[in-house]
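Here's the letter readout for the chains.
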Amino acid sequence: MRITKLAAAAVAVTMAAAPVMADLVFPSLSYRTGPYAANGIPFADGYEDYFTLVNARDGGIGGVPARVVKCETGYNTEKGVECYESTKGEGALVYQPLSTGITYQLIPKATADGIPVHSMGYGRTSAANGKVFSNIFNYPANYWNGASLAVNHILDENGGDIKGKKIALLYHNSAYGKEPIRTLEELAKKHGYDLSLLAVDHPGQEQKSQWLQIRREKPDYVLMWGWGVMNQVAIQEAANIRFPMDNFIGVWWSGSEVDVVPAGEGANGYKALAMHAVGDDFPVFDDLRKYVVDAGTAAGAGDQLGTVLYNRGMYAAMLAVEAAKTAQALHGVAEINPAQMRDGMEALEMTEAKMAALGMPGFGPEFTVTCENHGGPGLGAVQQWNATDKTWSLISDYGPSDMEVIGKLIMEDSSAFAAENNISESCN
Amino acid sequence: MSAGFYFGVEVFLNGLMAGVMYSLVALGFVLIFKASGIFNYAQGVMALFAALTLVGFQSGQIPFAHLINAVFGTELHHFGWKMPTILALIFTLMVMILFAFLVEKFILKHLVNQEPIILFMATIGLAYFMEGFGDLMWGSEIKKLDIGIPQGGNFWLEEKTATLGGDGFYGFYLDNLDIWATVCAIILVASLVVFSQYTKTGRALRAVADDHQAALSVGISLRAIWVIVWSIAGFVALIAGIMWGSKSGVQFSLSLIALKALPVLMLGGFTSIPGAIIGGLIIGVGEKMFEFLIGAPFLGGATENWFAYMLALLFLVFRPQGLFGEKIIERV
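So the sequence lines, in the order shown, correspond to chains A and B. Going by UniProt numbering, the first sequence opens with residue 1, and the numbers climb by one from there. Going by UniProt numbering, the second sequence opens with residue 1, and the numbers climb by one from there.
Only chain A is shown next, with the shape it has when bound in the complex (with noise of 0.2 Å):
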């Protein structure tokens, strides 16, 4: 008699249990404290207000209903991993760490637990190679290509000759700041400019020093690469020293409203990479407004929709989303797990089609992931700031990075990786 008390108590409680088992979970290892917290709370805004739009307009993910565990990281690496830890119990099938320092100490621990990691734009740049980062994700583009595509705006300014051209890098005085340099100094290699680096230390609040060297030394184009006030400064600095600002050029990362707002019309002209498109005249912005802020569940005020670093949150939870779509349909079952979760972003296919019926047309470059490529093609656009209207636009198209010179640099340093951690590169 106990013994069945007990059996269907069991039943009771696996039954009870079951619906939260049956959720798809994606951890938000968001800030929205501390001093990058600006640039964290619409990141975090867009990536939580897409995964409920999903649950309310398309009833969840192929039936079964996505849910978000947030976990406050302050842009801590130290919190990011704790955060890590006490998350992925839970069923995490992505992670997007939105840091590259807590990336690159996920890499191994997310590897060893069949976890996939989607760091969208930034973290260790040679994860691109699927054959040793095996659930490390970095498409559509990453730090390389970003260097690349800066250096090619500034081609197609100067009619494909910058011989003799003189390039100033400001970045931020960390492994962030300091990917793009070997890219930068290959292409200068190959193009002929003169690089010159200038590094600020965090959090990046005094900067004179470096653009007293800029006003010294008169470089033709400044590339940045910022987070935080750091971008903020530099913007006003520039402009302090008229510096002209359509020949400043900051990474995705140094390109968002925060950034450009405080220095007011002195900001304008100012231009910055795009990995995916800005403001909010997609449709799927209607429904997110129908959906999810009219109907009092968005993440946040409701009041970030459009601006650069929501659409990107809510890019990297459409990217994450559709992965889980496609793990699905190579599984043939609804509740994936993180092993197919995996499999479904090494598969993922983004065409114009399937962005149009998501509602965004146009909105990102068009890509298929492999087990070899898990970096994308390297797209990217160049968005210009007007300082009247406070708007951003896209100034070009999706245009190529250039990859024989990054292709190169991935496998260098992937393959070190590799000899370094006894991975023999494969797939599966």
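25 Å max Cα-Cα, derived SDA-like pairs, lysine to any residue:
(1) B:K105 - B:R203
(2) A:K70 - B:Y128
(3) A:K166 - B:S2
(4) A:K178 - A:G399
(5) A:K79 - B:F133
(6) A:K79 - B:G125
(7) B:K144 - A:S393
Reference listing, derived: stretches of chain B covered by chain A, where coverage requires no fewer than 3 residues with Cβ under 8 Å from a Cβ of chain A:
(8) 1 to 12
(9) 146 to 157
(10) 235 to 249
(11) 256 to 266
(12) 288 to 294
(13) 298 to 311
In short, the hints are calculated from the structure, not lab data. Cβ atoms here follow ideal geometry from the backbone N, Cα and C, with glycine treated the same way.
Knowing the structure of chain A, use the given hints to seat chain B on it.
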């Protein structure tokens, strides 16, 4: 003279200006340490909070709007009016005085006669509380701060000096904001000196700084003095917040400007107002000249923070009380 020489002079002048900006932060630390022996870890956050409050009043933002909206489902954000800057400054100052009063009432009063480390830890707690409270009250988005101080290079000076160093020199570059910060710092220090030397309250403040027990014995209210000192530190924090916030927008990182004040304090001494100014100037000029002459050409740059703390460390080794600090001699 060559263009290189004049560029060196330019870096020197900009170093002086940067030093003044550091001094503005360091002054707040000195005032509180001098009067109460507390190393106020929250000084940077006070600058952030003061600047947030100023922008909030200026733009007519509703305090705690996010919290109110979350609880009551409303969509409040602004009152719909803009407050004149001068009025916003006065209201912000009143908030900082209220803050000083509350700090004394809820923290300092209960920690009288505690070890300095306990008081220091209390200010760490206060800093974290203020960070969250500021976010909750005014939101965490980056806000543009404009109180009418001109920004950008001083192009009059640039044009007048453009012919000094030949073709390779483009004239001296000085930021208008830095020039204004220097003027503010001079007025601030002069006012503080006059206040402490020639007013009754100022003398009481100095008496407390010299000896708490003796000051109490002649009827000076320690609690009142603490409120006054924290209020003045709040005012200094407001000035620092305005100057730094005008550069980068008002955002969380403003609280980190305290990091720039620490080497200034180590060098100038924790108890000297002139020390904070001189220390700031030495650190500002030293780090900028080091970066110009050695850091950028030979070491890959970004040496300023390193140099500032190295210089401070050297001073600690040879003169622990700093340039102008009081030498502490304890007899058994």
